[in-house]
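Residue numbers (our numbering), protein chains in the order written: chain A, 2 to 116; chain B, 9 to 117.
Quick caveat, the hints were computed from the structure, so don't treat them as lab data. Treat each hint with caution, since some may be false.
Derived CB-CB ranges, DEER-like [stated by the list, open to error]:
1) D60(A) / S26(B): 17 to 25 angstroms
2) K54(A) / R20(B): 44 to 52 angstroms
3) E89(B) / F96(A): 28 to 36 angstroms
4) E63(A) / K87(B): 41 to 49 angstroms
5) E89(B) / Y103(A): 33 to 41 angstroms
6) L42(A) / R20(B): 20 to 28 angstroms
Ideal Cβ placement from N, Cα and C applies to all residues, glycine included.
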Amino acid sequence: DVKVTQSSRYLVKRTGEKVFLECVQDMDHENMFWYRQDPGLGLRLIYFSYDVKMKEKGDIPEGYSVSREKKERFSLILESASTNQTSMYLCASSFTLAGLDYEQYFGPGTRLTVT
Amino acid sequence: EDQVTQSPEALRLQEGESSSLNCSYTVSGLRGLFWYRQDPGKGPEFLFTLYSAGEEKEKERLKATLTKKESFLHITAPKPEDSATYLCAVFQGAQKLVFGQGTRLTINP
Chain A
2 DVKVTQSSRY LVKRTGEKVF LECVQDMDHE NMFWYRQDPG LGLRLIYFSY DVKMKEKGDI
62 PEGYSVSREK KERFSLILES ASTNQTSMYL CASSFTLAGL DYEQYFGPGT RLTVT
Chain B
9 EDQVTQSPEA LRLQEGESSS LNCSYTVSGL RGLFWYRQDP GKGPEFLFTL YSAGEEKEKE
69 RLKATLTKKE SFLHITAPKP EDSATYLCAV FQGAQKLVFG QGTRLTINP
């Protein structure tokens, strides 16, 4: 079974703090993703990575950065947390084979509250 | 713009009452449509991938079908444990998924 783990289930941070969210997958997937999920807005892609040290902006990258130093690990960084970044953060991974992209597997999520 | 629209937003059924959820999409060159189940406070759980019109996939009480414009998730004789939000998604460009807003399904015992 594919396993995607996230470092925290719940996190409370103060405005202006630097926040690190970690994600690890154990299936040797080349693609990894960070989403946020908000009521009424659904799942929105923040950043994704298709290889080590590679990253691509998603639909809402402002205020975030990412790091992928190892294939199995993808980190989301909030440089200076703000209250509008309070959300559920979801990490996912997938593989690509012969040019075909396959389904994404999600972690359990991190509920981040910024006060 | 590629879009995914799910209906209804919410559906309440009695245990054993079969029904269908709809996912309509507008995307040029479909490269895959995905169904997920999401329980409150948890990450989405992968259910099915459909690649071409006419394709069907089944898992327990769930059956997903695909046409050129929409997909249906049929739920046969549901049980209370089938209560969840069901999401569909399609590829938008390489690797990127665009998700619908989901259908919140409640099965009453």
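Evaluation of the provided hints:
| no. | hint | verdict |
| --- | --- | --- |
| 1 | D60(A) / S26(B): 17 to 25 angstroms | violated, 36 angstroms |
| 2 | K54(A) / R20(B): 44 to 52 angstroms | holds, 48 angstroms |
| 3 | E89(B) / F96(A): 28 to 36 angstroms | holds, 30 angstroms |
| 4 | E63(A) / K87(B): 41 to 49 angstroms | holds, 43 angstroms |
| 5 | E89(B) / Y103(A): 33 to 41 angstroms | violated, 27 angstroms |
| 6 | L42(A) / R20(B): 20 to 28 angstroms | holds, 23 angstroms |
Hint violations for this structure: numbers 1 and 5, all remaining hints satisfied.
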